[in-house]
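Novice: Residues per chain are reported as follows:
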Amino acid sequence: DTGVSQDPRHKITKRGQNVTFRCDPISEHNRLYWYRQTLGQGPEFLTYFQNEAQLEKSRLLSDRFSAERPKGSFSTLEIQRTEQGDSAMYLCASSSSGQETQYFGPGTRLLVL
Amino acid sequence: DQQVKQNSPSLSVQEGRISILNCDYTNSMFDYFLWYKKYPAEGPTFLISISSIKDKNEDGRFTVFLNKSAKHLSLHIVPSQPGDSAVYFCAASKGEKLTFGTGTRLTIIP
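Residue numbers (our numbering), protein chains in the order written: chain A, 6 to 118; chain B, 4 to 113.
So here's chain B without its partners, still in its complex pose:
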């Protein structure tokens, strides 16, 4: 049972444009959501998070939006830079355990 889903395995975006990565979840008990970025042969690096009591959190070029009624969250990166090319994982927590999606590979085209 995949409780956290990232339905787009890959995404290509022109440098300087906005990248939008999407994530859906099924468990309404999740109370915290996080985005991680992962380069090959490295561990996931924390990017940004949002509590279930909020609908938006912004940190520099990164903004996460949460739509609880739709059980959907998205990560916006603007402007996109070549160094943003990586695999992005959405994660949700209930208690101590993080449940991850399968990731979206973002490629920024110069």
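Next comes chain A alone, as it looks inside the complex:
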């Protein structure tokens, strides 16, 4: 399977704990995006990378959130001191430069108790 993969698919954590999610993009794609989707809403943009450079961050990405893409391949999204409001589906997508279409992974569903 050469699509976007995300790990884990589900995560349950207690409030105040740190969590980290991983995204592996389609191998030839140099752009990688993170989105968050809550119930009844469409996905909301969080941040994007071109190669290893983080080029844009949403206001939604508070200082408890950090994303990295150290070698321009896979990316991690870390949430520190989780809050119940962080419960959502976290989606990763990838694309190539000059290509408008973003291809999404299956998502990581986070539940903060």
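These are computed hints drawn from the structure, not numbers from a lab. Do not rely on the hints blindly, as some may be mistaken.
As the list claims (entries may be wrong) - Derived BS3-like pairs: lysine-lysine, alpha-carbon spacing no greater than 25 Å straight-line: (1) B/Lys8 with A/Lys62; (2) B/Lys59 with A/Lys62; (3) B/Lys59 with B/Lys8.
Said to hold, decoys possible - Going by beta-carbon spacing under 7 Å, a handful of chain B positions derived as facing chain A: (4) Ser52; (5) Phe68; (6) Lys100.
What the hints assert, rightly or not - Derived DEER-like restraints, expressed as beta-carbon distance ranges: (7) A/Glu88 with B/Pro82: 43 to 51 Å; (8) A/Glu83 with B/Lys59: 27 to 35 Å; (9) B/Ser15 with A/Gln89: 50 to 58 Å.
Glycine included, each C-beta is placed from N, C-alpha and C at the ideal position.
Dock chain B against the given chain A, drawing on the hints supplied.
Specialist: Leaving out everything else, chain B in the frame of chain A:
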């Protein structure tokens, strides 16, 4: 500020008939529009897209129409099949960021 709106939360269509999903946007700077389909517990799957310089794009059973003056786009699915039952999201891009609508749940009735 909801820049991309899908005003119909749900739609039911008989199998074999045409499904028409609608989307409105407010930002005239959007230059590319996409439709995604989403099943429960899965990520969105790309269906079809259209550049702002075009008014129609067709791919098999799926056709997207863009009316820039009305800031409106629609997705036509014909004929509708049971496997088309899913949530459909309209998305618009300006630069790298996609802005999504809230989705329309399409149910195809056998």
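Novice: Each hint: holds or not?
Specialist: Evaluated hints:
no., hint, result
1, B/Lys8 with A/Lys62, "23 Å, holds"
2, B/Lys59 with A/Lys62, "32 Å, violated"
3, B/Lys59 with B/Lys8, "20 Å, holds"
4, Ser52, "6 Å, holds"
5, Phe68, "18 Å, violated"
6, Lys100, "5 Å, holds"
7, A/Glu88 with B/Pro82: 43 to 51 Å, "46 Å, holds"
8, A/Glu83 with B/Lys59: 27 to 35 Å, "43 Å, violated"
9, B/Ser15 with A/Gln89: 50 to 58 Å, "34 Å, violated"
In the structure shown, a violation is registered for the earlier hints numbered 2, 5, 8, 9, in ascending order.
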